[in-house]
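Please assemble the complex out of the two chains, which come individually in their own frames, going by the hints.
If you read the protein sequences in the order shown, they are chains A and B. Take the first sequence: its position 54, counting from 1, is numbered 54 in our numbering, and each next residue is one higher. Take the second sequence: its position 178, counting from 1, is numbered 178 in our numbering, and each next residue is one higher.
Taking CB as the label site, the calculated pair distances span:
{"no.": "1", "chain 1": "B", "residue 1": "Pro20", "chain 2": "A", "residue 2": "Asp50", "range": "21 to 27 Å"}
{"no.": "2", "chain 1": "A", "residue 1": "Glu121", "chain 2": "B", "residue 2": "Ser7", "range": "19 to 25 Å"}
{"no.": "3", "chain 1": "A", "residue 1": "Ala25", "chain 2": "B", "residue 2": "Pro20", "range": "42 to 48 Å"}
{"no.": "4", "chain 1": "A", "residue 1": "Ala53", "chain 2": "B", "residue 2": "Thr123", "range": "18 to 24 Å"}
{"no.": "5", "chain 1": "B", "residue 1": "Pro165", "chain 2": "A", "residue 2": "Glu100", "range": "56 to 62 Å"}
{"no.": "6", "chain 1": "A", "residue 1": "Gln66", "chain 2": "B", "residue 2": "Ala57", "range": "21 to 27 Å"}
{"no.": "7", "chain 1": "B", "residue 1": "Asp147", "chain 2": "A", "residue 2": "Pro134", "range": "48 to 54 Å"}
Partial list, derived from the structure: chain A residues whose beta carbon lies under 7 Å from chain B:
{"no.": "8", "residue": "Ala19"}
{"no.": "9", "residue": "Leu119"}
{"no.": "10", "residue": "Arg146"}
Derived from the structure by calculation, the hints contain no laboratory data. In this text, a Cβ means the ideal position worked out from N, Cα and C, and glycines have one as well.
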Amino acid sequence: MDSSALLAEIPRLRRYARALLGDRAAADDLVQDTLERAWRQLMQWQVGSDLRAWLFSIMHNLWVDQLRRPVLPTQAIDGEDFEVPTRPTQADEREVKDLESALCLLPDEQREVVLLVALEEMSYTAISAMLGIPAGTVMSRLSRGRERLRLIMDGQQPRLKVVR
Amino acid sequence: MSNHLISETDLHAYVDGALPAARYVELENYFSVQADDAERVRAYLVQNQAVKAVFRAVLDEPLPENLHALASPPARAMLARPFLARWSLQRSAAGFVIALLGGVAGWLAHGQDSPPESVARLTPLPRQAAVAHAVFSPDVRRPVEVDAEHEDQLVAWLSKRLGTPVHPPRLGELGYELIGGRLLPGNTGPVAQFMYHDGSGQRLTLYLSTENASNQESAFRFAREGKVNVFYWIDGKFGYALSASIDKDELARVAKVVYEQIERK
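Bound conformation, chain B alone (with noise of 0.2 Å):
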């Protein structure tokens, strides 16, 4: 018998059903020598059921409404609260630093034990395009906050909202016509995604930055997050991203049209 081998981690390890399954036999030889260690693996055993059992009811319970309108991505005031905490930290440049050092010094003081959230971290865009498409493409209820039918509306919104006149590719002669768009919180700013869907059902989202400070452009470029194609390209201070759970080949034939509209302009 290898009792000297049988580890605390082991014993809770046993209670967790996290053990290789040929170590049980070698756990139950131990216990059968070691009455107080299987007294007490026993005790935790019933524990993890006690407590399994006495929140099993919160399961059941039905879901407060706020919670439940929390499931929907909220509304248009909400999401809009980060970036202009942001940008009014940004205004007084001093603050944002001080802040910045302190969340640092908190970090730095209170040790390992609790990761920081990240510190204004900026997201490239391929990825922020293809996170908001994963989010609000299988939507069903609201896929988009102002509809085609408003068109207009929905222009005139985003234009003024982003500073500068956007409009919506047409992207008809490719079988995909517009849903609508909406407005949600960039790295610094607000930015536009328009959507579309085919006969089938299929959508396809336009995302578009205007936060490139560096006014640099670049090619076509494409991107794969989890079953996300991105095509995105860079034009002075605006990023375009146009994403699908499309093939990469029918994605670019239409990241094509829409960068031409777009130059056309």
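So that you can see chain A by itself, here it is in the shape it has in the complex (with noise of 0.2 Å):
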């Protein structure tokens, strides 16, 4: 692992922990934290292996460390005095925001693996390694993920839907 390939895959780091938090200073912290703990634990790196791989299998066992940690009641700041600029053009803001908010409303493991595959392109049986689940439980994850997704998009109430 050297520096240069390192560095190549923060943006991508970034990309999917900003599309999972929906906020760009918690998705930065992930990132951060994922780096430091890849530097801590190269030893369980194998050398020549997908580098990309296991960075996302680090980010994915912090993360999932984060949603198990209780949750401190706290109090949120008026967004309006810390706007920050996110995208050069805003005209596509009202969309944006919709899916950002509509991807918020799936539940943690659905919009992981909707994410891994839709933004990252990841295979199928490659998400059921990283996440050492079963290649049937991504197919249902996914599955769900996008259906719930199509409906908050359309404006519908996702139904619950009875499988077999």
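Here's what the structure looks like:
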């Protein structure tokens, strides 16, 4: 793992974290934790193996740890005071916000799989290996996540779907 | 038509371009008669594109400084954190056992969805050495923490941290000059790495650990991790590993010289 290889992965880690958490600052914190842990756990990295997959699995583990931690009650600061321009063009802001907030409405484990497929174009088997879940579970999370996202974007209430 | 053979998985594989080429026609025939599924698949295709479009801009955002800095090996203080943490755990053995049991119990309780990060796994010497070599030897900006110009300081610092005198062997007769060295986290405590290079820029590292508890000795052993060749041996509490992406025979020649110099001390 040399610096340039690692540097090249950071934008993708940030993009995925942003989509997963829906919050810029929290996403970059997660990326920072991921990189720090990667340096500390170098010994677990197989030389010559897929650096990206390894980094994503570290990020996944950290994120799962975060979800398990009890949430402290916090007071939201008024976002207007700290507005950061996130995109050069704001024309499609409404649509963007809609999809972003729709993604946030998905259950965490469904959002994760939908994003790994749609954003990272990771194969189903790679996701199964990375998350340590059977291929069938990957498919059911993907299937439910996509359908729910579609219904939310259509303005419908996602219904509970009876499977078989 | 074999509609009954089209599964939900097939529909998603179609969306994600993950079907064998021969099956696309079959699916498209299926969509011509199954309007609902066809519409759903179209919506998923749009969804994929929309998700990418929404977050594409993140890829072009300038990296915050803290993340940019983390692309390079972090400073000593940060790398030192895990083994200090582990060391203090070991000082209170009970605490360590409780933490370990807690980890295992937590894992069992949470089921299969999230494999735990391994708890205090011991990494074999040649692997540690090969990874350390692969990580630091290509680094142009900061391959070592203390360079050969300050060899006195390097020797004093590493000897102090490892709790035993350590000296970089002289490999000039083989064409390898010392670049410098660094301290790294091993399984349970600090380990040292010396780095050398020859006239062509080929780098070679000597990894030196003092954490071999079983106090046995071993003959020369050879291991290969990816492109890195490693010769290693154990001598009392010391473990030595010489790593480079060079021919096995040449590496053996260097290893023999290193071994002889260390034995003479």
